[in-house]
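Whole structure, please, built from the sequences with the hints as guidance.
Keeping their order, the protein sequence lines are chains A, B, C and D.
Everything in the first sequence is counted per the working numbering, starting at 99 for the first residue and increasing by one.
Everything in the second sequence is counted per the working numbering, starting at 99 for the first residue and increasing by one.
Everything in the third sequence is counted per the working numbering, starting at -4 for the first residue and increasing by one.
Everything in the fourth sequence is counted per the working numbering, starting at -4 for the first residue and increasing by one.
Simulated from the structure, these hints should not be mistaken for laboratory data.
A portion of the hints provided could be inaccurate.
[What the hints assert, rightly or not] Pair ranges (Cβ atoms, derived): (1) D:P108 / B:F285: 27 to 33 angstroms; (2) B:E125 / D:E259: 57 to 63 angstroms; (3) D:A327 / C:D314: 46 to 52 angstroms; (4) D:I325 / B:D157: 36 to 42 angstroms.
Remember, it's a predicted structure, so these values are computed and weren't measured experimentally.
We put the CB at the ideal spot given by N, CA and C, even for glycine.
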Amino acid sequence: MSTDTIETVKMTGQQAVSAALFQAMEEDSKVLVFGEDVADREGGGVMGTTRGLSAKFGDMRVRSTPIAEQSIIGAAIGAAMAGYKPVAEIMLMNFITVAMDMVFNHAAKLRFMSGGQSQVPLTIRTLTGAGWQTAGQHSDHLEGWFCHTAGIKVVAPCSAADYKGLLLSCIQDPDPCLFIENGRTLFVPGQVPIDQGPIPLGKARIVQEGTDVTLVTYSSMTLTCQAALADLAKAGISAEIVDLRTLSPWDKDTVLESVSKTGRAVVVHEALRAFGPGAEIAATIQEELFGKLKAPVKRLGGPYCAVPFAKVLEDAFLIQPADVVACVQSIMR
Amino acid sequence: MSTDTIETVKMTGQQAVSAALFQAMEEDSKVLVFGEDVADREGGGVMGTTRGLSAKFGDMRVRSTPIAEQSIIGAAIGAAMAGYKPVAEIMLMNFITVAMDMVFNHAAKLRFMSGGQSQVPLTIRTLTGAGWQTAGQHSDHLEGWFCHTAGIKVVAPCSAADYKGLLLSCIQDPDPCLFIENGRTLFVPGQVPIDQGPIPLGKARIVQEGTDVTLVTYSSMTLTCQAALADLAKAGISAEIVDLRTLSPWDKDTVLESVSKTGRAVVVHEALRAFGPGAEIAATIQEELFGKLKAPVKRLGGPYCAVPFAKVLEDAFLIQPADVVACVQSIMR
Amino acid sequence: MQAERSNLAKPSPETLVDIYRRMIRIERNDDATRQQIKRGRLQMPYYSARGQEVIPSAISTQLNKDDVICTIYRGIHDMVAKDMPLRPLWAEIAGRVDGTCKGKGGAMHLTHPETGVMVTTGIVGSSMPIANGFAWAALLDNSKRVSIAYFGDGASNIGAFHEALNLASVWKLPVIFVCQNNGFAEHTRYENGTGCANIADRAIGYGMPGYTVDGNNPEEMYGYAHEAIRRARDGEGPTLLECKTFRFMGHVFGDDDSYMTKEEKAAAIADDPLPKFRARLIADGIATEEQLAEMQKAIEAEVEDAIEFALASPLPSIDELRRDVFATEIPA
Amino acid sequence: MQAERSNLAKPSPETLVDIYRRMIRIERNDDATRQQIKRGRLQMPYYSARGQEVIPSAISTQLNKDDVICTIYRGIHDMVAKDMPLRPLWAEIAGRVDGTCKGKGGAMHLTHPETGVMVTTGIVGSSMPIANGFAWAALLDNSKRVSIAYFGDGASNIGAFHEALNLASVWKLPVIFVCQNNGFAEHTRYENGTGCANIADRAIGYGMPGYTVDGNNPEEMYGYAHEAIRRARDGEGPTLLECKTFRFMGHVFGDDDSYMTKEEKAAAIADDPLPKFRARLIADGIATEEQLAEMQKAIEAEVEDAIEFALASPLPSIDELRRDVFATEIPA
Ligand SMILES: Cc1ncc(C[n+]2csc(CCOP(=O)(O)OP(=O)(O)O)c2C)c(N)n1
Ligand SMILES: Cc1ncc(C[n+]2csc(CCOP(=O)(O)OP(=O)(O)O)c2C)c(N)n1
Ligand SMILES: [Mg+2]
Ligand SMILES: [Mg+2]
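Next up, the structure:
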């Protein structure tokens, strides 16, 4: 995992996303970028993530849209079927709820329903996550819905390098991909190999090697798990952190290998715990490693409520490093 | 579970739903019914489930709507907040994808986001399920999405009596409820107590007692599990069937009690296996009964694909009794 | 809006005959489909478009193979009008491997890119946003390709309609929104679900021309379609065509028509555009009785052949559940 | 559509003063909010409505307490105009237990049923379908209650707008759709996202009256609002009001305005409706300098008091995460 040997540059996840978009549009004239306010006339995105793209690639390939997510995804589907590789932006993940028909009934199913005649090489970029006091309708992690949908891949990176490499892979992928950016990881600087290319989908990343317990996580909670390492070490616990990076399809092999070694697993995500993605991972681990586990597979996820506004409540809503430590300790005895 | 002692009448699930609607509207003038074609002018529903309601209760309380699911759920939310108890029909579950914003960002969250000032006593009735060759956009079981949503209850009955009793409870419930009808169970006749009243939400039903394995299921797959009983018995396996009936909140106590007794569990549902509701149940069982299980918790669910059209493929898509038997046998040794 | 009839393009005699050819091919195919269902040789919910033949026929006679259509569950007439071959069509509705979609999509999701049938959706309204994407691609390709979205009157009340027409207008897309207004949405009468007198009235809300057209009149349909196609090819942007028609077989084949009056149905059927048009062609000497009988026999033979082909085609292997989910097959 | 100005109802002098009272209360409250954010005493994205005061003020002066509004993230002016008390408002945006929503909803989801503020949504377009439900309930209650949906120009391009206006028309609901057209949707200029010249042009597509109104002109706003409210109370159904205005503080407080020209912004601010209206009231002898200064002082005191109250209010207990999810508390 160490990148000391190869030349790297320091950039945030957002800069990495921007770099990936520039590179992809440069390399393939079929790549399109569109969504609300993405063109430079509109400031290159509300967050500035797409700034400079329309200036460089023109306003036919980089287009701002009306506020109409169904028509954004619909146009992306049609353009993708016609041979383009659209990268459609849904400003925030909660807004994809108005476009679920396009994503679920169409993008994800058209290849299958057409017996393989249609392909929809579409990437949907979206941002979410609690921590900015944007409250109940601007913070949800809904990746679980899409993992439970056949025909769409779900990617949720944490590190800057992964933001770049995985977005490049999503864009090149012949099938629909949902690329989830998180507000607490997107602006964190990291070392990115100067020539960072596509990182294969479906492969996890071992963020930290350890021997006592495996923390299976992704997106924002990778940071939280890393933040828990010191206290875990203090408590004499050696934790291995597996950042799934891609949730669907997820890297079963790496997870099972790690848990076979440690004998313990805690799945940690920001999405609600109830019926969340972590349940699939826990259910799979107990099934594949039955009798080989030292403790039950534990799950940490959001409480069963909407994301609250007040900072004190938002902090309580989010899994904190101390929660990770406490949970791990509960299965160490 | 036996109803021999009390007076019952034979009716289908659909007749039970109709009976529940008549009874609820009779008992409470605040109950409203609306959706596409639900009024008698439009034939009382495409399936006839709401036939006669508008004739009896008038076309202000029973209204057909334009084809506009966002406005159907939106109107239901507003009317519910204004003190009514709307029963909104989404003709088929796949169509709720165009109304996910109203369900997820609004119906499920308004009580919480308003600090308890708003209540949304809304019931959404919808029909789904494979088996009618309606293919990829008319058959999906999406309950998993709503179980992973804080603030809405999810109910999926199988028996005629449950169709009536649980719908009555959904309508009376002070919070949003999603009531899922299945095309293979809705027309099955069953004995319903003549005075069948509300059946509490969140309570499972033991369909069959057994000692070797617990089949945890709901909706269409309850029938499939029942159909597997004979062959299981032939193989000398005594299976207990737990019909969850309510998925969120689900009856953890009954499930854990049953599995503590049998030591084995197979979760069976029509929804996709991947990241499906069964994962939550399996993950919970392994956590709560760690070390007490004779075998890993198994899950049977739909394959990772869209619902296919061809009968032969649709049959292969659906879990069959033989699949249940084979899965149980795989954990008996 | 009403473009004066006078300056509408007029179809040539050859074109009129071609429109009729498409119409009779649709009708013969629809009739055979209903026969096969009655005989139990096909199982599926069937949304017959009997009575709506003129609309896609008058449009398709002006389309090229690479012009694309996105249509709906009630769309087999649109496909047949676009000259989709009948063998794969029948194999698909019979759920066989030789079907357009290997039997995986079925009647509601027929797809045939070679003839420009790109998407068939079962979701009301969803043909429109996707048709925009094909139109955008045509602009990017610097092609004169036209994209057509077919949909019903009821679909004009759903959000996707609004978003799609607005985007098409803002982006000046070469797309035509063809509303086949048969007066009913399932069991709901037009005026009980729709707030405006004519769906074409909605066009002004998107700054695009909208025309209410007699969808059962081949010349009129031809003329307005010609104008919409011209606008699209000339880069003038989208057009909304509201085509008034009637469906003779109810919403789904076999449903009871209690929601419509016997009179209105009888009147519509008495006004069946197909025999009327046939008589016209002969009366005006545009075609002869023999010629049209010939044509019909050939089409009936084509349909017969397609049925036999379809029913002789093998059933798909269950391995198909693992194929076409993604580009690469899912391991067993 | 333009209802002749001549037969529009005219506000009485008292009403004009009341409209001004609501406007200055909105402005003082908005100014204080921005000050507190600058001073770091509030953390939140803030969508200031500075410049849009006339619209909800001219409407609310004609509303009863039990008339309801459904508004949006940029909606605090609508709430203040509806006479929402400032103490719970401030406690909410400060995330405290005494907030309207116990600090759980925040600035984007303020709710206050006692003053008819039923829903505040952060989702573009979603105020409209819900407002219909309140209007339907008013009909069922045989009440003359009016339901108002506030939304922006950009929101008129999303599906929910279309579905809601059509349903309201078909059901003849006592609802008023008030589009506060400030010319921008986040960073997108009106004409770059909207296909029609005026949003009011869309009303015909729903068979309802639609008016383009100068949203910065108190008399004109009053007159059109009066007509819309009359229609609603008299059972004549919904009305679409497009109210032209401008937002002085950009989309979210603190964003750079690179997407608008300095000139247009300067021109808009030079045309600030608030001081203009104040001068008018005095010039026409409708109010005196002293009277308005008095009023302003009282309002500033009310705002000051609300701020102190809010910042003195305790933080919510984390048990709140288990409360209000359902009617019954979720066990720990
Ligand atoms: C979003 C959605 N809601 C409801 C349905 C169920 N449905 C199928 S067809 C139909 C009526 C459509 O009427 P119209 O648009 O006029 O087309 P027609 O069937 O008359 O050709 C409805 C409500 C659906 N398929 N999709
Ligand atoms: C469905 C949805 N899409 C996108 C957004 C992000 N967003 C928030 S405000 C806004 C602009 C809305 O503009 P307008 O309707 O004109 O209202 P204004 O902010 O100008 O008052 C956008 C795109 C959202 N909140 N909801
Ligand atoms: Mg119709
Ligand atoms: Mg605006």
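| What are the numbers of the hints that this structure violates, sorted from low to high? | 1
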